[in-house]
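Participant: Now for the letters of each chain:
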Amino acid sequence: MIEFNPLDLLNTLPILVLVSWACALLMVNVFVPRQGKGLMVLLTALGLAVTLILSIFQAGTQTEAFKGMLAIDDFTVYMNVFILASSLVALAISHDYMQRMGLARGEYYVLMLFSVAGMMLMASAADLIVVFLALELLSIPLYVLSAFARPQVESEEAGLKYFLLGAFASGFLVYGIALVYGATGQTNLIQIFAAAEAGVETPAFLLVGAGLILVGLGFKVAAAPFHMWTPDVYQGAPTTVTAFMAVGAKAGGFAALLRVFIAAFPAISVDLAPVLAAVAAATLVIGNVVAVAQSNIKRLFAYSSISHAGFILMAFVAFGQDGLFEDTIASVLFYLVTFAIASFGSWAIVIMLERKEGRGLDLQDYAGLGRKYPALALAMAVFMFSFTGVPPTLGFAAKLFVFRVVIEGGYYWLAIVGVVTSVVSAYYYLRLIIIMYMQDGDPQVRGETWLNLATAATAVATVLLFFFSTPLFEWAAEAGFLWF
Amino acid sequence: MDIAVLIEWIAKSAILIFILLTGFAYTTYYERRLLALIQNRVGPNRAGPFGLLQPVADGVKLIFKEELTPAGAYKAIFLLSPILTMVPALVIMAVVPWGESINLFGREIFLGLTDINVGVLYLLSIASISVYGIVLAGWSSNNKYAMLGGIRSSAQMISYELALGLAFVPSIMMAGSLSLLDIVRQQGDGFYLWSLLGIIEGGQTGGWFIFTIPGLFGAAIFYIAMLAEVNRAPFDMPEAEQELTAGYHTEYSGMKFALFFMGEYIKMIAVSAIFSTLFLGGFSGPGVYESTIPFMGITIGPWPILGPIYLGLKIVASLGLMIWIRATFPRLRYDRLMGFGWKVLLPLALANVFLTAIWVIIFQGFTG
Amino acid sequence: MSTDVILFLGLAAVAIGAALGMLFSRNAVYSALFLILNFATVAVFYLLLGAPFIAMAQVTVYAGAIMVLFLFVIMLLGAEELRKRGKLGWQQPLALLLGFVLVAETAYLVFVRGDLVSQIVPAAADYGTPKDIGILLFDNYMLPFQVVAVLLLVAMIGAIVLTKDDRKIERKTSEEKA
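Protein chains in written order, with numbering that gives the first Met the number 0: chain A, 0 to 483; chain B, 0 to 367; chain C, 0 to 177.
Read the hints as simulated data drawn from the structure, not as lab findings. Certain hints may be false.
[Claimed, not checked] Here are the computed lysine to any residue pairs in the SDA-like style, where the Cα-Cα straight-line distance is at most 20 Å:
| hint | chain 1 | residue 1 | chain 2 | residue 2 |
| --- | --- | --- | --- | --- |
| 1 | B | K342 | A | L25 |
| 2 | B | K60 | B | A46 |
| 3 | C | K163 | A | R33 |
| 4 | B | K74 | C | D131 |
| 5 | C | K130 | B | D181 |
| 6 | B | K64 | B | K74 |
| 7 | C | K130 | B | S176 |
| 8 | B | K74 | B | N142 |
| 9 | C | K130 | B | V359 |
| 10 | C | K130 | A | Q98 |
| 11 | B | K143 | C | T162 |
| 12 | B | K342 | C | A27 |
| 13 | C | K163 | B | K74 |
| 14 | B | K74 | C | L136 |
| 15 | A | K66 | C | L36 |
| 16 | C | K130 | B | W341 |
| 17 | C | K163 | A | Q98 |
| 18 | B | K74 | C | A158 |
| 19 | A | K355 | A | K66 |
| 20 | A | K160 | C | A158 |
| 21 | B | K74 | C | L36 |
| 22 | B | K74 | C | F137 |
| 23 | A | K355 | A | N295 |
| 24 | A | K66 | C | M21 |
| 25 | A | K66 | C | I53 |
| 26 | C | K163 | A | K66 |
| 27 | C | K163 | A | M100 |
| 28 | B | K342 | C | M21 |
| 29 | A | K36 | A | V80 |
| 30 | B | K143 | B | I76 |
| 31 | C | K130 | B | D334 |
| 32 | B | K143 | C | G77 |
| 33 | B | K74 | C | A27 |
| 34 | A | K36 | A | E156 |
| 35 | A | K66 | C | L136 |
| 36 | C | K163 | B | I76 |
| 37 | B | K342 | C | G77 |
| 38 | C | K163 | A | E155 |
| 39 | C | K163 | A | N295 |
| 40 | A | K66 | C | T162 |
Okay, chain A solo, but in the shape it has when bound (with noise of 0.2 Å):
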């Protein structure tokens, strides 16, 4: 009675050889004494290469895994091999700040593992089922790792603060599942297409279902209006699990975003599109504006994530419009991974800078930089540049494919909110360049081997990379879904 097809186990191999390792090195982690945690580092590091190189060999594959609950396509290698290589970034800035802020335990690195397991998970998932569990797989151990740092405060307070407003967003999206489950009574991805296509009795219910995913996914993303956690978390929790829920986070939503909407609710497109642009306007102004006020470096960049939020989504904007999809897909993913790499390097120069007690993270401590480090604040530069949107770095290739997808899909009024909140954003990146290079000042850096690699290796990846960007964009365009 019960079918079991074992290939259902090689195509999900990457997930299942991460889960395995996570739990083998949770054991092992008990026989590592406290002063060696670098071994575990180690071995994450293995684990995550590991299953990067068998995502690798995934390529190419084209099938349903375990019933219709997992696509394995070009999307979910794209999105495996970008998360994978994002988390050994976040290891490799990891290491040294957790052992000179006293924080080094080997549960950082498993919690760390399972909670891209999820990504990995919410980046294939073809079922609402699968998208909620995987969301939650992803969440919770950023839940723990965001108050990683307790007994301090803030960290408790960022943990704390996380989860309820978590817990509430997953309240959301499993309402918005149930309402699309009851219109169409489906809750696979590509059933629900049919159903939506077909005809659904009460479409309320199906419009509804999707905004509250949209509500739920959108928390996760930081989008406005459900961005209010984001400034306290990423203040409160220790400096490298925000810059890895800063990439992670928003790469696993985006994913399953573009998976859900695109795969599930083409046929509702034209009511839903009002609705996302609405949310990517207000994503992109309280982004922008309340930025320009932050004197903490920590929630300038949290805000400052906040809007780029506001810019992928608002390539989703068109995403129902003919033709439209791929552009969607491909530009969502490039802005995706210009904002990892110019967010990794700025979140290591930031690590550099942070002293224990929070110190070191005023705007103001990084004044004398440019004299002291002319390196650090080059990268620092460039970084500010690409998140500006300015040539010749890799984030004004990204806008610009994004807002060529805005005006094809006809929403000019958008495009001019983007390009005026850009200005605004301006501002305050050039802000941090001044005052890096015009006041004086004795800022102190804690240079690291690992950390100062993963600084030169982004900013010189956010310049070089702008050379390739078209043919990187026509790369992206073939990450397609499984069904189109």
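Place chains B and C on chain A using the hints.
Facilitator: Quick look at chains B and C alone, frame taken from chain A:
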């Protein structure tokens, strides 16, 4: 609804409750006499022949005692908690079958209240409810000893519930059903001797589950966990007199105390019945089903009326073992008790589930 | 009126009464007890609808496991008595309004759009047996089932990470060494 069915149900419930209440009375007598025997004394032997009227005398005494309610107690809950202890103990027996159907007054009457396809889950859910009486009694008494006793015993019950639940699994898996009647049928469809041969045959039918390897482990874990679940020695933490005076029922007197007492003893009977059903073949025994005596070729049965008698005997044996344990083992220290539950019993029970799966596949084949 | 309807109406009254009791009692323990009563009634509703498995799960998980922990927390924190006035200024009227809207909505559905309600097909007698649920879990929903297992493991690790006091353990071991 057919009025006869209603009468049948009410009559069966009334009989079951009557049996349980009488059983409670004589379990106390049984315990005192057996303890006396083990400790080389005489025990109660004055009221009636062999002291058989002793429980009646105790009952009369408890009824006439003054009932106290502490000044700062939460009155409603203080009153409610003995009832909350008593009711689950009574209703948990609803799914335990006492025999196959018999013909009486021209009707086919099933011996047992009901047989539902989620019987085992019903047992678990009632077991999980029965914590409330104790924890609320402790809280509402407005007494530190009572509070500590209540929290201790409920923590203990919650902890051992897990192992208890997992110890159900071997029987469920080997019978392939959550219905207790199916579990009994799977074990008892044959002659007693065959159940011993069942070890060799693989224990698929005709063998008590305790004679299979996973069943044996399951029975051992179940028995230990059920001692903790009903707060019996050596797990009688809430009644650790030296530390907590009388635990959660420190402030109770008269009939309210008697209700706790009744609840505890009826629970003992109930878990013994469940233990017998899951691992000792329940109501089955020679002659309950039509069967042939080996080597002689004589066919006997089916006499379903023997069912309740066999089950009763098994319950008495199980109760005797409980009393024997009480007379033999010293009380565990509280942290040891929790450690044992979580670190020893639960992992063993989990491993046993795994073992059962292997056993079932080897001897019954993969039927999935 | 059939017995089912009588049972339903009686239980519905109990369920609503319990829910109201939970909301309005000033003592947290009483609230918890009312909630348990409510859960138990809901379990009986499931039984009436022919879903014994879910009914039992409801009692075991909600009324049994979760609420016992709630009671523990309330009792151990000594948070039985609520403060006289919470900071629920504008939320109270809003909640009342929303509750009213929900009741009106349901009433509209049941009394005006009764045709929609009547479309519900009663479940077959063998629907939702433990065996069916088991087969579904291990067949169609194999992956979610396993993911839930991982999720629970992660939650457990998280709880331990957040509560274990590393320094205390270290002190203890160093004392033992000395």
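Participant: If you check each hint against the structure, which ones fail?
Facilitator: 4, 10, 11, 12, 13, 14, 15, 16, 18, 19, 22, 24, 25, 26, 28, 29, 31, 34, 36, 37, 39 and 40
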